[in-house]
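K.L.:
Construct the complete structure from the given sequences, taking the supplied hints into account.
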Amino acid sequence: MAQVVIMPKQGQSVESCIVTEFKKKVGDKVSVGDILFSYETDKASFEEESKFEGTVLACFFNDNDEIPCLENVMVIGEPGESFEEFAPGGASSKSAAGAAVEDASSGTVSLRSTPPVAPQGSAPVPPLNVPRVAVVPGGTSPTAASPRAKRLAAEKGINTSLIAGSGPGGRVIERDVIAAAASPLSGLAKAMMAEGGLQAPAAGSGIGGMVRGSDLCQASAEAETASAEFTFEKMSNMRKLIAKSMYNSLQNSAQLTHMLGADARKIQALRKKAKKALEEGRIDANVTINDFVCYAVIKALQKFPKVNSHCLGDSMRIFQTVNLGCAVDTERGLMVPCIKHAETLSITELSKALKQVADDCRKGSINPDLLSSEAASFTVSNLGGFGVEWFTPVINLPQSGILGVGTIVPRPKDLGSGVYAFVPYLGLSLTYDHRALDGGEATRFLKQVATEIENLEIDF
Amino acid sequence: MYDLAIIGGGPGGYVAAERAGAAGLKVVLFERKSLGGVCLNEGCIPTKTLLYSAKVYNYAKTGDHYGVYVSDPAFKYDEIVARKNKVVKKLVGGVKAAMKAGKIEVVAENATIQGRDAEGIKVEAAGNVYAAKNLLICTGSEAAVPPFPGLKEAGDVIVTNREILALNERPEELVVIGGGVIGMEFAAFFSTLGTKVTVVEMLPKILGPLDDEISEMLQKQYEKRGVQFCLRCKVTGIEGNTVVYEDPEGKVCRVSGDKILVSVGRRANIKDFGLENIGVEFALNPAGRPCGIKVDGRMRTNIPGVYAAGDVTGFSMLAHTASREGEVAVNNILGKEDHMRYNAIPGVVYTNPEVAGAGLTEAEAKAKGIDFKVVKLPMAYSGRFVAENERGEGICKIIVGATHHEVLGVHMLGNPCSEIIHSACLAIEAEMTLEQLQQVVFPHPTVSEIIKETAFTI
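Those protein sequence lines, which keep their order, are chains A and B. Okay, so the first sequence: first residue is 1 according to the working numbering, each after it adds one. Okay, so the second sequence: first residue is 1 according to the working numbering, each after it adds one.
None of the hints are false.
So the derived list for chain B, only partly shown, Cβ under 10 Å to chain A, looks like this: (1) 297; (2) 341; (3) 404; (4) 407; (5) 427; (6) 432; (7) 433; (8) 436.
Calculated cross-link-like contacts (lysine-lysine; reagent style DSSO-like; alpha-carbon spacing at most 27 Å): (9) B:366 <-> A:190; (10) A:156 <-> B:336; (11) A:190 <-> B:373; (12) B:376 <-> A:190; (13) B:336 <-> A:244; (14) B:452 <-> A:190; (15) A:190 <-> B:368; (16) A:150 <-> B:336.
These are calculated hints, taken from the structure and not from any lab test. Idealized CB from N, CA, C, for every residue including glycine.
P.N.:
Right, here's the structure in full:
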């Protein structure tokens with residue numbers, strides 16, 4: 001019997017995912033464990049493995065489609081088996097959702113999903129001559145809209161029941177709302193768009209926001225002329241999200257950075273002890289300098305609850321627990337997973353937890369709920385491994401602060417009685433939101449972090 | 001505390017006041033002279049009234065072209081001027097009524113900007129201080145009078161648009177320095193009434209930036225009626241009632257008149273009302289001197305809450321530009337983002353025949369390096385034009401993008417093109433292509449059909 005592959009629900013807050021690439025096409029044989037498609041949420045990307053053996057009978061979506069969680073995506077079974085009952089949107093919209101066509105040349109059954117029928121391998125091009133707003137034909141449920149589409153429509157004040165959806169079964173998806181929200185095109189803009197390679201912004205500079213020819217921009221990186229001097233690369237959804245949240249942070253908060261050095265002799269000694277303990281099998285975690293710093297930060301945060309907080313504009317969310325965010329550099333970009341209740345962890349537990357979330361991020365198997373900036377109450381970002389001494393980390397709003405950890409460098413220190421010596425110093429850079437904290441409070445907290453680092457006592 | 005203070009009650013200021021009042025803003029408008037500004041009192045409206053009298057007189061004189069005979073057509077200059085004054089008075093009254101209806105407080109005094117403090121922008125008038133959240137400066141412009149040697153000594157022989165409108169008798173001979181729109185309209189008016197008119201122009205053509213071909217056609221028509229044009233001629237001085245100029249070969253020439261009209265351009269009014277007290281930035285002319293208030297596309301000056309509209313910006317000195325700029329300023333004050341577009345501003349010259357244009361001319365398109373095409377037809381392709389313009393000639397030309405045929409500019413000569421040029425404004429604003437324009441139904445038989453006919457010649 002044919003088996004259906006659904007879009008997994010990745011975390012409570014995730015309502016839909018975008019398929020980045022279908023690795024298997026209709027007609028392909030698949031085995032258990034084969035990658036069917038890769039997909040991403042706002043924050044992370046994943047791969048869906050096949051749990052079934054058989055032939056891909058149907059695929060209801062195209063690359064880059066946004067698919068609601070738990071929606072039917074593909075059907076796997078024996079050639080000839082029926083799959084139409086699995087088409088998203090139900091039997092009533094079956095004919096619109098997809099129709100099997102007999103491919104005379106190969107003799108296999110292939111499925112044509114409705115809106116833009118993109119030939120294999122070619123980039124999907126938005127249809128030009130489709131009216132941007134049309135009345136949904138009778139019979140289709142007017143509420144058939146993706147969560148993203150609904151959210152956007154609510155923001156823009158658009159009635160989704162008046163939009164002709166281009167998703168499966170006439171479902172209204174985000175791009176339909178974007179198109180419907182757009183302003184009309186001038187005659188020139190239409191003529192220019194017809195030649196392809198251009199796209200219209202949501203609002204133009206003409207009468208009442210009409211899009212003029214001069215408002216059009218290159219539809220995609222590929223459409224621009226290649227040059228010897230540069231190449232174009234499309235931003236991934238994650239990149240776009242990082243860009244948005246970083247820009248948002250700098251635009252919408254009052255952040256500034258204080259820098260302070262901490263005497264690192266103690267944690268360097270602790271690091272030696274931990275290494276030895278690991279070698280001798282007394283502990284089962286490779287506790288790094290960063291782990292000690294995080295441990296010290298957690299202690300300091302417990303003494304400064306106002307720093308361990310979210311600034312919500314007119315109120316503060318002050319945490320009783322330390323949910324420590326930790327910036328992780330991955331191939332796909334910056335990710336900031338969070339360790340909940342970090343104050344309850346021992347140094348080795350913390351070390352293992354930090355390693356685990358970082359690995360999960362790099363593998364793409366991290367729980368997206370842990371990546372939300374709302375999940376963490378404070379963040380640590382460590383660039384010390386790259387030799388950076390000081391930097392100005394950007395706050396992950398709505399958090400009130402972020403600590404940048406730099407490398408350890410020798411600096412002269414007055415040891416008393418006129419004796420000066422070079423002492424290893426760790427660079428600490430605290431960026432805080434001045435809306436949430438004043439300089440005094442921030443400085444006292446930063447000093448506390450240094451004090452914790454300088455006086456950390458752990459037995460291994 | 002006012003939401004908006006407006007200095008200047010011309011077409012920039014009073015239209016802005018009307019819009020702001022309708023939107024519920026508390027508005028105070030300062031006008032030291034008469035509501036309506038130059039447009040209503042010394043420009044657009046009085047000249048059109050005079051020119052219409054001239055046109056009626058001309059109909060009477062040329063009635064025989066239409067089989068109508070009027071014996072001894074005559075005019076009474078003082079009655080023409082009296083009618084002009086009546087029309088102006090009526091329209092100024094209309095603006096006053098509109099201000100009253102919009103609950104606009106009109107202060108008929110000189111206004112001086114004092115500065116801004118926590119209470120807002122302060123404007124002083126007749127000893128009272130008015131505080132406002134926003135200020136819109138619409139102080140307009142006045143005729144630029146270059147310091148020609150001998151000009152001062154010539155006394156009241158020298159007139160600008162203001163004084164010439166107040167004349168009680170028609171000059172027998174008139175010298176017009178500057179063959180732009182203002183100069184040409186007065187040349188048209190007085191020459192129709194029998195005055196010997198000489199136009200001295202520095203540039204190689206009349207009507208400044210208007211279409212070259214149309215300017216030349218109009219010049220020829222007026223030459224036939226006895227107007228003398230001295231182009232490429234530079235005025236070097238005034239000797240009593242005589243204008244001294246150098247012709248293109250450098251020869252010193254002289255031409256005399258009862259009156260000498262100086263219409264070489266207009267200068268933004270940016271002095272003597274306290275602009276310096278709030279530090280408004282000026283636009284500079286090529287010589288580096290302030291020539292207007294610098295504004296952005298939303299009519300904002302460099303000072304938050306301070307806007308400018310109209311001639312005071314120093315460019316596109318037209319009443320309808322001022323009104324739209326005033327509206328843009330008000331919309332932005334109301335928090336509705338609005339931007340000024342200048343690519344479809346129409347320009348009209350009320351000579352007989354009229355000249356009207358909107359958008360780019362061929363010369364401008366060429367200068368901008370735009371790949372364009374020109375389509376044109378004689379006005380005689382319009383049935384109504386032929387019926388009503390015996391011995392008249394005219395032209396309609398449309399400038400379009402070479403590839404997509406979007407309408408970039410429309411220029412016309414022939415009555416009543418001033419009344420149909422707005423179709424061109426719509427087409428340019430909508431970036432219509434000629435193919436789209438071809439699908440629009442124009443009323444038959446009207447002169448406006450010439451636009452559609454011309455569109456089909458692509």
